[in-house]
Each structure stands twice: as C-alpha cells, then as structure tokens.
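Chemist: Sequence:
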Amino acid sequence: MSYDMELRADTLYHRARCDVCGKTAENVIENTCLFPDADEADETATSNGWQVWLNESTGIIRHRCDDHWIADCAKCGKHEEGAVTLFNEWLLDDTPEGLCPQCAHDDECTAVGKDGGR
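Our numbering applies: residue 1 is where the sequence shown begins, and numbers increase by one.
Some hints could be false.
What the hints assert, rightly or not - Each pair of labels, with its calculated beta carbon distance range:
1. 7 <-> 76: 38 to 48 Å
2. 6 <-> 86: 31 to 41 Å
3. 88 <-> 22: 23 to 33 Å
Said to hold, decoys possible - In the EDC-like style, the derived pairs of lysine to aspartate or glutamate whose C-alpha atoms are separated by at most 20 Å in a straight line are:
4. 78 <-> 93
5. 23 <-> 10
6. 75 <-> 94
7. 78 <-> 106
8. 23 <-> 43
9. 75 <-> 89
10. 23 <-> 94
11. 23 <-> 40
12. 23 <-> 6
These are computed hints drawn from the structure, not numbers from a lab.
Just so we're clear, the structure is a prediction, and the values are computed from it rather than from any experiment.
Beta carbons: idealized from backbone N, C-alpha and C, even for Gly.
Start from the sequences, fold in the hints, and give me the full structure.
Modeler: Put into structure tokens, the structure is as follows:
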C-alpha cells in the first residue's frame, strides 16, 4: 500500500507516499500531508501532479510523484518511465494507461485520456 497511516486521537490519518522514492504529497495551503481519509490524500496527490490509480489485479491504490510517472500505451504497448514532463505528448489522465504520441496521432486511434493529455 502506498499510504502511511498514523493514529491520532482515535482518528486514522492517511499520507500518500510515492511508490518509488517515498516522497509524500503535501497540501501546501494547509501545510499538512496527513488527512482523515484516503480520498483526501489521493486528491492532494493528484492536485500536486501525481499519478494515483487502483491496481485492479491487487486491489491496491498506487501513487507516483511527479518525478516517477509511468505510462503504457493501450495500442502499441510502449512503456515509459520518468518525470511528468516526459509525458506532455501522451494522452493520459492520472493513471498509467493511455496513448503514446505516435498512437495518439494515428487517424484510426481513439483517445482514452479523460483530459485530452497533459
């Protein structure tokens, strides 16, 4: 699981942690990285440019910070890893599956990204 959890005053708090480097997603405005529910921790991570997705084979929520994104092209199978800026031409939402630049520009291809890319 890519959360740290901490019990404080009978409340379990969640902190999203990058699966690769261990960095935590922080809400700069509230100056915290601990949240009373996992959804709020995930929303903070996503707003910080992180990938957050459910690994359907394990049932575990995964987190990747903006330095450690991954992507797999749903059409050709190309795999990339790196900083979020590497994926500017990909059609992705904040999950690893999308379309690489070559397949995204293929006339026969249909886009799978929710936001039309980054």
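Chemist: Against each hint, give a clear statement of whether it holds in the structure.
Modeler: To see whether the hints hold, each was checked on the structure:
no. : hint                  : in the structure
1   : 7 <-> 76: 38 to 48 Å  : 46 Å, holds
2   : 6 <-> 86: 31 to 41 Å  : 33 Å, holds
3   : 88 <-> 22: 23 to 33 Å : 26 Å, holds
4   : 78 <-> 93             : 17 Å, holds
5   : 23 <-> 10             : 26 Å, violated
6   : 75 <-> 94             : 18 Å, holds
7   : 78 <-> 106            : 15 Å, holds
8   : 23 <-> 43             : 16 Å, holds
9   : 75 <-> 89             : 15 Å, holds
10  : 23 <-> 94             : 17 Å, holds
11  : 23 <-> 40             : 17 Å, holds
12  : 23 <-> 6              : 16 Å, holds
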